[in-house]
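Protein chains: 4
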Amino acid sequence: MTENSFRKKLGNIIFESDSPAGKAFDVILLVAILLSVIVVLLDSVASYHEKLGEFFYILEWAFTIIFTIEYFLRIYTAHKPLKYIFSFYGIIDLLAILPSYLSVFLVGSHYLVVIRILRLLRVFRVLKLARFVGAADTLQTALRNSRAKIIVFLEVVLTIVVIVGSMMYLIEGPENGFNSIPKSIYWAIVTLTTVGYGDMAPNTPLGQILASLLMITGYAIIAVPTGIITTEMSKISSKKQASDKTCTHCRTGMQDADAVYCKKCGKVF
Amino acid sequence: MTENSFRKKLGNIIFESDSPAGKAFDVILLVAILLSVIVVLLDSVASYHEKLGEFFYILEWAFTIIFTIEYFLRIYTAHKPLKYIFSFYGIIDLLAILPSYLSVFLVGSHYLVVIRILRLLRVFRVLKLARFVGAADTLQTALRNSRAKIIVFLEVVLTIVVIVGSMMYLIEGPENGFNSIPKSIYWAIVTLTTVGYGDMAPNTPLGQILASLLMITGYAIIAVPTGIITTEMSKISSKKQASDKTCTHCRTGMQDADAVYCKKCGKVF
Amino acid sequence: MTENSFRKKLGNIIFESDSPAGKAFDVILLVAILLSVIVVLLDSVASYHEKLGEFFYILEWAFTIIFTIEYFLRIYTAHKPLKYIFSFYGIIDLLAILPSYLSVFLVGSHYLVVIRILRLLRVFRVLKLARFVGAADTLQTALRNSRAKIIVFLEVVLTIVVIVGSMMYLIEGPENGFNSIPKSIYWAIVTLTTVGYGDMAPNTPLGQILASLLMITGYAIIAVPTGIITTEMSKISSKKQASDKTCTHCRTGMQDADAVYCKKCGKVF
Amino acid sequence: MTENSFRKKLGNIIFESDSPAGKAFDVILLVAILLSVIVVLLDSVASYHEKLGEFFYILEWAFTIIFTIEYFLRIYTAHKPLKYIFSFYGIIDLLAILPSYLSVFLVGSHYLVVIRILRLLRVFRVLKLARFVGAADTLQTALRNSRAKIIVFLEVVLTIVVIVGSMMYLIEGPENGFNSIPKSIYWAIVTLTTVGYGDMAPNTPLGQILASLLMITGYAIIAVPTGIITTEMSKISSKKQASDKTCTHCRTGMQDADAVYCKKCGKVF
Numbered sequence: 001m002t003e004n005s006f007r008k009k010l011g012n013i014i015f016e017s018d019s020p021a022g023k024a025f026d027v028i029l030l031v032a033i034l035l036s037v038i039v040v041l042l043d044s045v046a047s048y049h050e051k052l053g054e055f056f057y058i059l060e061w062a063f064t065i066i067f068t069i070e071y072f073l074r075i076y077t078a079h080k081p082l083k084y085i086f087s088f089y090g091i092i093d094l095l096a097i098l099p100s101y102l103s104v105f106l107v108g109s110h111y112l113v114v115i116r117i118l119r120l121l122r123v124f125r126v127l128k129l130a131r132f133v134g135a136a137d138t139l140q141t142a143l144r145n146s147r148a149k150i151i152v153f154l155e156v157v158l159t160i161v162v163i164v165g166s167m168m169y170l171i172e173g174p175e176n177g178f179n180s181i182p183k184s185i186y187w188a189i190v191t192l193t194t195v196g197y198g199d200m201a202p203n204t205p206l207g208q209i210l211a212s213l214l215m216i217t218g219y220a221i222i223a224v225p226t227g228i229i230t231t232e233m234s235k236i237s238s239k240k241q242a243s244d245k246t247c248t249h250c251r252t253g254m255q256d257a258d259a260v261y262c263k264k265c266g267k268v269f
Numbered sequence: 001m002t003e004n005s006f007r008k009k010l011g012n013i014i015f016e017s018d019s020p021a022g023k024a025f026d027v028i029l030l031v032a033i034l035l036s037v038i039v040v041l042l043d044s045v046a047s048y049h050e051k052l053g054e055f056f057y058i059l060e061w062a063f064t065i066i067f068t069i070e071y072f073l074r075i076y077t078a079h080k081p082l083k084y085i086f087s088f089y090g091i092i093d094l095l096a097i098l099p100s101y102l103s104v105f106l107v108g109s110h111y112l113v114v115i116r117i118l119r120l121l122r123v124f125r126v127l128k129l130a131r132f133v134g135a136a137d138t139l140q141t142a143l144r145n146s147r148a149k150i151i152v153f154l155e156v157v158l159t160i161v162v163i164v165g166s167m168m169y170l171i172e173g174p175e176n177g178f179n180s181i182p183k184s185i186y187w188a189i190v191t192l193t194t195v196g197y198g199d200m201a202p203n204t205p206l207g208q209i210l211a212s213l214l215m216i217t218g219y220a221i222i223a224v225p226t227g228i229i230t231t232e233m234s235k236i237s238s239k240k241q242a243s244d245k246t247c248t249h250c251r252t253g254m255q256d257a258d259a260v261y262c263k264k265c266g267k268v269f
Numbered sequence: 001m002t003e004n005s006f007r008k009k010l011g012n013i014i015f016e017s018d019s020p021a022g023k024a025f026d027v028i029l030l031v032a033i034l035l036s037v038i039v040v041l042l043d044s045v046a047s048y049h050e051k052l053g054e055f056f057y058i059l060e061w062a063f064t065i066i067f068t069i070e071y072f073l074r075i076y077t078a079h080k081p082l083k084y085i086f087s088f089y090g091i092i093d094l095l096a097i098l099p100s101y102l103s104v105f106l107v108g109s110h111y112l113v114v115i116r117i118l119r120l121l122r123v124f125r126v127l128k129l130a131r132f133v134g135a136a137d138t139l140q141t142a143l144r145n146s147r148a149k150i151i152v153f154l155e156v157v158l159t160i161v162v163i164v165g166s167m168m169y170l171i172e173g174p175e176n177g178f179n180s181i182p183k184s185i186y187w188a189i190v191t192l193t194t195v196g197y198g199d200m201a202p203n204t205p206l207g208q209i210l211a212s213l214l215m216i217t218g219y220a221i222i223a224v225p226t227g228i229i230t231t232e233m234s235k236i237s238s239k240k241q242a243s244d245k246t247c248t249h250c251r252t253g254m255q256d257a258d259a260v261y262c263k264k265c266g267k268v269f
Numbered sequence: 001m002t003e004n005s006f007r008k009k010l011g012n013i014i015f016e017s018d019s020p021a022g023k024a025f026d027v028i029l030l031v032a033i034l035l036s037v038i039v040v041l042l043d044s045v046a047s048y049h050e051k052l053g054e055f056f057y058i059l060e061w062a063f064t065i066i067f068t069i070e071y072f073l074r075i076y077t078a079h080k081p082l083k084y085i086f087s088f089y090g091i092i093d094l095l096a097i098l099p100s101y102l103s104v105f106l107v108g109s110h111y112l113v114v115i116r117i118l119r120l121l122r123v124f125r126v127l128k129l130a131r132f133v134g135a136a137d138t139l140q141t142a143l144r145n146s147r148a149k150i151i152v153f154l155e156v157v158l159t160i161v162v163i164v165g166s167m168m169y170l171i172e173g174p175e176n177g178f179n180s181i182p183k184s185i186y187w188a189i190v191t192l193t194t195v196g197y198g199d200m201a202p203n204t205p206l207g208q209i210l211a212s213l214l215m216i217t218g219y220a221i222i223a224v225p226t227g228i229i230t231t232e233m234s235k236i237s238s239k240k241q242a243s244d245k246t247c248t249h250c251r252t253g254m255q256d257a258d259a260v261y262c263k264k265c266g267k268v269f
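Residue numbers (the numbering used here), protein chains in the order written: chain X, 1 to 269; chain L, 1 to 269; chain U, 1 to 269; chain G, 1 to 269.
You may find that some hints are simply not true.
Note: identical chains are not told apart, hence a pair may lie in one copy or across any two.
As the list claims (entries may be wrong) - Listed next, the in silico SDA-like pairs over lysine to any residue satisfying Cα-Cα at most 20 Å (straight line): (1) 235 / 134; (2) 235 / 69; (3) 51 / 182; (4) 51 / 179; (5) 83 / 12; (6) 51 / 205; (7) 8 / 150; (8) 23 / 48; (9) 235 / 145.
Don't read these hints as lab results, they were simulated from the structure.
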């Protein structure tokens, strides 16, 4: 076997999952990612760290070395190595190993390896679950299409919380826990989003009236992003239904269900 | 009366509710289920347990014995006993009596009999409330159709809470109550879902900024499941309306349910 | 003026609001209702009660006497007195004066006069705000049409909170504030609805995992009532648009926009 | 250059942003607004105020003077000065400088300059981001169209919180923190909107049952504003799609935006 054909074969196993070896590689990888994340989670619990700290330490480095080898193999076998390195998953693969090496110099940074969980997002593509890939695409398209509306919405939310937060700072003041405007804005966000921790809460009647107005506003305007996303999804969904009809001449899909002539080439169906 | 015809008659009373006897049986059963659940609920209140504990104990065993007899009668009278045993309601019927027997060996397990409340889900079928059965079916279909999208959504939510939870652990640390990454992830879930207990809340400015971003994310992405379900329900609803009527002459579909003449060719249906 | 024509004239002023006198009567009535509610609210504040208690007491009785006179005038001038007495607003009008008389015998019950606020619901009808009446009707229709689905939804919610509440009672127990199953069910409702007071919160890892699942469930299934209501509203809204087309022969409205023949009588439009 | 043409040129720079100078002016202005708001926010933090208070004080007055000059330049160069002064942005521009001058007489009022953040709402128009302006218009139209329904909804919410708040005052009473009816109404709003601070929470079983009902109500009726807004947005969205194209030969409307041939008669557009 020449080196070239070996590289091709290896690349197939690593990047694709249609061969038995490729599928096995991907499943093992997913399990390894999951395990390495769980190790970090458990290591952060003081009682486990005391008992199993060294074992976790070894495990973590083992996973890091494995993922490092995998990363360089991906670069070695990729069609266009540079394209892979700067792709979404290429960057995540790098970020997934960096924190461990960083932790040699910077104590605590090794917890950042939980970023490995992002690698799990591949799971649907790996497992060839067409329905889930389709669902993910639909969600992505809906979110992308409603981006402009959602940014406008967020700017309005930001304006509301800055103004109401400042007013609450004047009304309640530091004696009621509203120490500064930024902290009051934080409170306004906690209230508007209906999270409501209760670590800060208005005590004066005027503050409670303003808070009530903010809550009702937050309760009502949550309808806005919902309306935006729902409308986009309905559009995508109805377009998909329409696409059942495809022109037999020019292959243009997504034609209206009641169309008699193709909208692109004008041929009768 | 032969044994066979007796079994058939009994099975009719137990499984169907179109005869007066069958209906009476079902209503009594529903009331008994409700009472047995209420007994467990009250028994768990310390003050009632002290005063009425023994009375509750007797009642609970009475209900358990009744439901056990009923369970074996169901097996005895079912057309295909095995099919019943492994059906959804068959399993629930068994689970509804097991905890009481288990409590002989395992203290406390008798509270699990509240699982009996699942048996109440039969209520609509029993009472022959066609509208409610239809409504339940619509909801079930909508949820089943949106399963793929909702799983993708939940995976994204999981990824967000793991990453944000880990970052909060690094930012806030054990001195602010963020003792471990799993506990920080729990906090991230409490925050993202806008529950906001307030048992843990960020104290550092950086933590509060990150928390604010998480809240706004949670507040905005609740739109996603809503959009998914709404779109599915609209589809089901419009399909129901559309499929009602098609002209037998010109084949134009999607006619109104109350139409007498075709809206396209004017022929009587 | 005969007594009969006087009664008719008075009834017109009281029940209708198309004459200047009728409109003036209704506006004064709405203001009086609002004032009487505000008096009760302020009277409940200890510091105001001390200073102005007697003044509030006199005011409250003044309003009660006025509303009592009004109530008997309504009965006296109504077309069908019995129909008025048992109508929705008739009952509310009675309930709005009863608590004051009841308070003579039962201390504290006079606070129930806040039920008067229900009388304010007339405001849109009184002010002849056709758009608001239409909006209220649309909302009512949407809610009525989705009743079956919402009841099914609530039964599922009830089942979830009973089962999860009981499990939490077993997991957390009285030592963590989960004193009884009913109280744990209360906690489950607080959590599922994303209210999250924080007066009870899980402390054990297992309890926090179960709580996390409950929160995510609550966060996701809020999509269900939203989907139900939105679908109903869309239906009503699109039916309204369709109704622009009305048959010129048989006056049947709500025909499809693209219809060529009337769906009821078969005539060409 | 005559004074008139100078004024015209200046007005172009200030009000429009299609020339390089106009664009530069607008971008600098937006940055200045943002900076001036950040200065106020930081100044309210005690530790920063101690160290940098004087510096912030100078900065704030510098910004105020700049914005005052800008305001008078806007009046000077506007086509119709009065129309500008009483326009939405004209009033905001005035309110953005007033608090600083007011703070000379009224301590604390200078925090109100955060109202300057409202000026940032211009950002999309300034940056000529057509998509965002369109998105903002869609949101505004949807909110305006659903105003009547939302007001009816808010009146129902108000009625619920007043009645439930009063009942809770009677049930829980001052000994459980429900000091007065207005405060109980505040609690009812906190609960209905699912914010749930936890500063007040019911302690009696009856109070907890009533609170549970209120929470489930709040959880379910959030569907109403969502349904309203979503329906409006769908209407706007489908109108936009539909109005895009109508065949000039056969007058069939609602053709796809990207259609080249009519779907009914096959003619080129």
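To see whether the hints hold, each was checked on the structure:
no.	hint	in the structure
1	235 / 134	both (16 Å within a copy, 18 Å between copies)
2	235 / 69	neither (45 Å within a copy, 49 Å between copies)
3	51 / 182	between (42 Å within a copy, 17 Å between copies)
4	51 / 179	between (42 Å within a copy, 16 Å between copies)
5	83 / 12	within (17 Å within a copy, 47 Å between copies)
6	51 / 205	between (53 Å within a copy, 18 Å between copies)
7	8 / 150	neither (44 Å within a copy, 37 Å between copies)
8	23 / 48	neither (34 Å within a copy, 58 Å between copies)
9	235 / 145	both (10 Å within a copy, 17 Å between copies)
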